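Could you build the full structure based on these sequences and the hints that come with them?
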Amino acid sequence: MTDDDLWARLRRVDPAASLMPIAPDRVSRLLEETMTDATAPPNATAHRATIGRYRFVALAAAALVALAIASGWSLMRPQNTTPAGIAAATPSQPTAVATPSKPTAVATPSRAIPTPQPPSITRLTAAGREQGRCQAPSPQSLATQADFVFAGRVTGISGDVVTLQVTHLYKGATTDVVRVTQEDDTAVELLGGVSFATGEKYLVASFEGGVMGCGYSGVADTPDLQELYERAF
5 MTDDDLWARL RRVDPAASLM PIAPDRVSRL LEETMTDATA PPNATAHRAT IGRYRFVALA
65 AAALVALAIA SGWSLMRPQN TTPAGIAAAT PSQPTAVATP SKPTAVATPS RAIPTPQPPS
125 ITRLTAAGRE QGRCQAPSPQ SLATQADFVF AGRVTGISGD VVTLQVTHLY KGATTDVVRV
185 TQEDDTAVEL LGGVSFATGE KYLVASFEGG VMGCGYSGVA DTPDLQELYE RAF
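Count along the sequence shown from 1, then add 4; that gives the number in our numbering.
Source of the hints: derived by calculation from the structure; they are not laboratory data.
Just so we're clear, the structure is a prediction, and the values are computed from it rather than from any experiment.
Even glycine gets a Cβ: it sits at the ideal position worked out from N, Cα and C.
Please note that the accuracy of each hint is not assured.
As the list claims (entries may be wrong) - Derived EDC-like pairs: lysine to aspartate or glutamate, alpha-carbon spacing no greater than 16 Å straight-line: (1) K175 - D225; (2) K205 - D225; (3) K175 - E204; (4) K205 - D180.
To be verified - Across the chosen pairs, the derived CB separations fall in these ranges: (5) R33 - L71: 30 to 36 Å; (6) L71 - V31: 25 to 31 Å; (7) T129 - T159: 32 to 38 Å; (8) E37 - D7: 26 to 32 Å; (9) I73 - E37: 33 to 39 Å; (10) R235 - Q121: 20 to 26 Å; (11) D180 - D225: 20 to 26 Å.
See the structure below:
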């Protein structure tokens, strides 16, 4: 709707549109007479009625004009009444709530389980008891003549074979178990008359696979034998 359309609508609804407008000189004269004449003329009542009628018509016309302007504004105003610079709020779409995912199993690098290695075994032999061939042992002879010397505990005796678990290695190749075999039919015993007993600890010296007797091997808690090994090694 344009301004011309709005004014045309106001003219159609104006109730005083059919009346003749008062001439400006008459309006001036009436105002001057009202201000200067203290006594009302004989026809003052008629004049007041005429002025009151025109005043009523003018007020009514002004009210209609205001009503028409308000109606026109309601028709012409923008549909979006949101203040400038503020975006109209629109219903937001429901936001998808992330649900906690199940923990993913993490593949761990597999470790190869080491295969247990069998214990290393050293085999020695011991001849029967020899008499009349022994010389007094010396630390120097033990240190130079013996090529394999250890301390061990007897873990088992089967027939003529004695098994010892090595607890300390003084000299020679590293090993876990030593097995001593008696070559003749006599009881298994160290040269010098000391017998093996399960659970006992022994100090044993050997040369080229044969157990050295004559005081070089025996029960570990023998004082003379302990001193001999301490001085030799």
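Each hint tested on the structure:
| no. | hint | result |
| --- | --- | --- |
| 1 | K175 - D225 | violated, 19 Å |
| 2 | K205 - D225 | holds, 8 Å |
| 3 | K175 - E204 | violated, 21 Å |
| 4 | K205 - D180 | holds, 15 Å |
| 5 | R33 - L71: 30 to 36 Å | holds, 33 Å |
| 6 | L71 - V31: 25 to 31 Å | holds, 26 Å |
| 7 | T129 - T159: 32 to 38 Å | violated, 19 Å |
| 8 | E37 - D7: 26 to 32 Å | violated, 40 Å |
| 9 | I73 - E37: 33 to 39 Å | holds, 35 Å |
| 10 | R235 - Q121: 20 to 26 Å | violated, 36 Å |
| 11 | D180 - D225: 20 to 26 Å | holds, 23 Å |
When the structure is compared with the earlier hints, violations turn up for hints 1, 3, 7, 8 and 10 and for no others.
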